[in-house]
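Residue numbers (UniProt numbering), protein chains in the order written: chain A, 1 to 243; chain B, 1 to 312.
Simulated from the structure, these hints should not be mistaken for lab results.
Take the hints with a grain of salt, since some may be wrong.
[What the hints assert, rightly or not] For the chain A half of the interface with chain B, some residues (derived, Cβ under 10 Å), not all of them:
id : residue
1  : K70
2  : T71
3  : K73
4  : A156
5  : I188
6  : S190
7  : L193
8  : N195
9  : Y197
[As the list claims (entries may be wrong)] Label pairs and their computed distance ranges (CB to CB):
id : chain 1 : residue 1 : chain 2 : residue 2 : range
10 : B       : M113      : A       : G59       : 33 to 41 Å
11 : A       : Y205      : B       : R295      : 30 to 38 Å
12 : B       : S156      : A       : H224      : 53 to 61 Å
[Unchecked claim] Taking lysine-lysine and the DSS-like style, the derived pairs with C-alpha atoms no more than 30 Å apart in a straight line are:
id : chain 1 : residue 1 : chain 2 : residue 2
13 : A       : K196      : B       : K237
14 : B       : K59       : A       : K231
15 : A       : K196      : B       : K195
16 : B       : K144      : B       : K18
17 : B       : K237      : A       : K231
The beta carbon of each residue, even a glycine, is placed where N, CA and C say it ideally should be.
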Amino acid sequence: MASSEEDGGGNGSVEEKENGKKRRLGAVATAWLICYNVAMTAGWLVLGIAMVRFYMQKGTHKGLFRSVQKTLKFFQTFAMLEVVHCAVVHTSVLVTGVQVSSRIFMVWFITHSIKQIQNEESVILFLVVWTVTEITRYSFYTFNLLNHLPYFIKWARYNFFIILYPVGVAGELLTIYAALPYVKKTGIFSLRLPNKYNVSFDYYYFLIVIMFSYIPLFPQLYFHMLRQRRKVLHGEVIVEKDD
Amino acid sequence: MGGRAGFFEVEILDWKTKKQLCFLDKVESNATIREIRLMFHKLYPQWYPARQSIRLDPKGKSLRDEEILQHLPVGTTATLYFKDLGPQIGWTMVFLIEYTGPLFIYFLFYFRMPFVYGLDERFTSSPHPVVNLACICHSFHYIKRLIETIFVHRFSHGTMPLRNIVKNCLYYWGFAAWLAYYINHPLYTPPSYGKKQINFAVIMFLLCEAGNFSIHVALSDLRRDGSRTRKIPYPTKNPFTWLFFFVSCPNYTYEVGTWISFTIMTQCVPVGLFTLLCFIQMTIWAKDKHYTYLREFKDYPSLRMPIIPFLL
């Protein structure tokens, strides 16, 4: 779900709303959001370029995560601000929260913490997906805020996900699955009995539950995006006819 | 407004499709909504009165059974809208199911059924007295609730949607299993401050249970005459009810107190988590009730807060 292009990003101001109403933001809010979205677009572009350069120089994906991790962690963690943005842009805090949380979870609680899986191919898979998705998404929001949205950006935002989303989910699930044996061996993030709090937590089984939760959640989000796509791109066609 | 002693005509439309579902002619002007529901039920046997939401506007609030036709803002041909609330279940049955579950689920763990802690630990008992105490307190709490449901509570709305029962039971029964698992676990660790902590917790538990019961009785007495309307509750001679000076819903205050004491008694994080969630849920309910009181009664005591004196 981390690669979802769900509107819950909360940074596009206008057309994102399902009822199509234009909503005014204050000048300060607009200025801040433009800066934020420009910065994020730039950040993910830098990340993408660094990834391409690494692969061109080294010819392998091994060590790629280590070389880009600082940039990735900075920009992905900074995205937690988008939950706050929801208050200004009136998008769902819950959806944004879930999306950002799942990204933070993948970056910090899987890939960062379980170092043995950092060279897995599945990591590259979701990193590539995230990069393309985020560059599209943040530039979409930026142009929206500037009221000058090139059609190809809108097209990209509402079409790329069709491939990117399932591929991203595959990358995430494969990564979590690869991490399982190391989690079981080291007992990371787990709490065993006896202890004075009389509670226990097994990260291994927690991860298995997470993996199963993709089954109900992924189709819901995917079909929601498909419906959004039909509404936005289909609506576009109708306007042209009237002209 | 309705004629002097004349008859009304009542048409009932589906709230979404606006299709006419029934047309009642020669309805008495002093007919109640309850009677209209019964008439509608005769025409549509599958929609018993409890699942009928009858309203003046398609998206409006459901009319109460006691409302009288001629007092409603309708002409001599009244148009009402119907929404199916889905299968309903009576409050009494809801509470009986919700409370019996945790009672017996706890016992599965207390008596260490074989499938819970593995075959080696089956039917063994804990060396810690506090574990027996916790079982007594937990059981006492739910038995008290069951008794209150049968003999004390007088519910204002008769029913709730059936699908809620599955959700609620999952929550209450699931949590009961989770906290019972740790308290009765062979590797359970008794409270850090020993007997002092346990005794304090027991006293707090008993006081809060007594308080909660006193409030339930006081609220029930407000409706001794069988009415279903709301009245302002006031403190009585019972000192436990004096909390009414400070809060609108002291029953929730005492209930949170009970669970805090149970957390202290068992020193168990799942119990603490359950207490936190109870507190959040009851604060929402208390605030709702409090603002309803404020809306309905102009002379509502101004010192009162919803659930915590002076604070919340």
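Here is what the structure says about each hint:
1. K70: This hint is violated: K70 (chain A) lies away from chain B, its Cβ roughly 35 Å from the closest one there, beyond 10 Å.
2. T71: 37 Å, violated
3. K73: Violated. Min distance 30 Å.
4. A156: 38 Å, violated
5. I188: 20 Å, violated
6. S190: It is violated, given that the least Cβ distance between S190 (chain A) and chain B is near 14 Å, above 10 Å.
7. L193: 4 Å, holds
8. N195: 7 Å, holds
9. Y197: 5 Å, holds
10. B:M113 with A:G59: 33 to 41 Å: 60 Å, violated
11. A:Y205 with B:R295: 30 to 38 Å: 48 Å Cβ-Cβ, so the 30 to 38 Å window is violated.
12. B:S156 with A:H224: 53 to 61 Å: 39 Å, violated
13. A:K196 with B:K237: Outside the cut-off at roughly 43 Å; violated.
14. B:K59 with A:K231: At roughly 26 Å apart (the allowed maximum being 30 Å), K231 (chain A) and K59 (chain B) satisfy the hint.
15. A:K196 with B:K195: Distance of about 15 Å is within 30 Å: holds.
16. B:K144 with B:K18: 47 Å, violated
17. B:K237 with A:K231: Not satisfied, since the Cα-Cα distance of roughly 65 Å exceeds 30 Å.
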